[in-house]
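Peer 1: Protein chains in written order, with the numbering used here: chain A, 75 to 228; chain B, 643 to 904.
Hints should not be assumed to be uniformly reliable.
Stated by the list, open to error - Taking beta-carbon pairs under 10 Å as the criterion, some of the chain A residues facing chain B (in silico): (1) 116; (2) 123; (3) 130; (4) 134; (5) 136; (6) 137; (7) 139; (8) 156; (9) 157; (10) 159; (11) 160; (12) 163; (13) 172; (14) 174; (15) 187.
Read the hints as simulated data drawn from the structure, not as lab findings. Note that the Cβ used here is the ideal one computed from N, Cα and C, for glycine as well.
Spelled out, the chains give:
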Amino acid sequence: MPAISMKVNGEAVCGDVEGRTLMVEFIREKLGLTGTHVGCDTSQCGACVVLVNGKAVKACTALAIAHDGAEVTTVEGLAKDGKMHPMQEAFRDNHGLQCGFCTPGMVIASIDMVNRLGKDLSEDTIRHELEGNICRCTGYHNIVAAVKAGAANM
Amino acid sequence: MENFNYHRPASVDDAVKAAKAKPDAKYMSGGMTLIPTMKQGLASPSDIIDLGALKNAGVSLGSSLVIKAGTTHAEVAASADVKKAIPALAGLAANIGDPHVRHKGTIGGSIANNDPAADYPAACVGLGATIHTNARKIAADDFFTGMFSTALEDGEVVTAVEFPLPKKAGYAKFPNPASRYAMIGVFVADTAGGVRASVTGAGSGVFRAKDVEAALGNGFASASLNGVKVSAKDISSDLHASAEYRAHLITVMAKRAVDAAK
């Protein structure tokens, strides 16, 4: 099996993978970072979204081997010095989650959104940009509020 | 997902060589269709030829707009040249899938796959694009040959798409609320060679809507489409929409596309 290396949440990691090993399998099973979730496994729900070289991608729809040398940020890499990322804080403050299963993907996607579009996001923009992230609990209202607040605080 | 041999060639020539050496090899660009298809067991290639290392991405604007095959939907949507030359194309790219898909999926991958409900085939046919491959140039009208099939030969790889600059062009789609693929998408363009109108999502693959083109030939305005009734013959019915509903949507989306044209 070929060996690959990546920088995940700032740490150099390596491991052997098969061609078919998905990015999310590498992250969860090889690295033990289980904050990145597998929801639908059919590329629709966004629970597996991570930042790869600064861009949000679905880790369930990416081959690990194709990302040899990449820099990856998962939800575990967001808190700094014991303090949550502003987007995580905003999800807590606005009750932007219930069961929490979609939350890692929601938070990563929202940070990506701010990175691309800036801190001042309209409700329409947020709703359009969250099309790739599905939540079965909240009805989205509080998620949209959380993203708006989190963006402003980033 | 079945395992496969993974190749990451650094040049188009090496990619073509690798593909020709294995009868069951598949090219992978962004993988946004291929990987889900393989996960479901609907495809199990012996070899994956990943085109990611070719770094064949970028947009250039001269007398035509050339988009290299490996350019992602996000890059097309954000390109100042695309927005300036063919804003409808930038808008189309900005509404494919979702942001995470747009970060990986590419124009070359989309057209080589030719999903019957994909957006880019409509733009290529609607604008009269030319598809560049490692071996030749193919007119979009000849490139898309049916459901998931194209004029590409075994081992042939798309390298770029060249769009002539229209006077005006617009695209409107009625997205499936779950998949974001087009239930019906219509691309209209007022070009030097006349009006073109293409339809995606209606059946076995993208096609030109001759009734719509003829009506718009009398004036590139949505009012020209009043009373145009597209036949439901050859249009598909499924759980999302009947053939009659889709046929009706073609005129509705064509009107919206004309109204949005810039």
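Peer 1: For every hint, state whether the structure bears it out.
Peer 2: Evaluated hints:
1. 116: Residue 116 of chain A check passes; min Cβ-Cβ to chain B is 6 Å, inside 10 Å.
2. 123: For residue 123 of chain A, the interface hint holds, since the closest Cβ of chain B sits about 6 Å away, which is under 10 Å.
3. 130: Where the cut-off is 10 Å and the nearest Cβ of chain B is about 5 Å from residue 130 of chain A, the hint holds.
4. 134: 8 Å, holds
5. 136: Given a least distance of 7 Å, the restraint on residue 136 of chain A holds.
6. 137: With a closest approach of 7 Å, the residue 137 of chain A hint holds.
7. 139: 5 Å, holds
8. 156: Violated: closest Cβ of chain B sits about 29 Å from residue 156 of chain A, beyond 10 Å.
9. 157: With a minimum Cβ separation of about 27 Å from chain B (threshold 10 Å), the hint on residue 157 of chain A is violated.
10. 159: 19 Å, violated
11. 160: Violated, about 20 Å.
12. 163: Violated, about 22 Å.
13. 172: 22 Å, violated
14. 174: This hint is violated: residue 174 of chain A lies away from chain B, its Cβ roughly 20 Å from the closest one there, beyond 10 Å.
15. 187: 7 Å, holds
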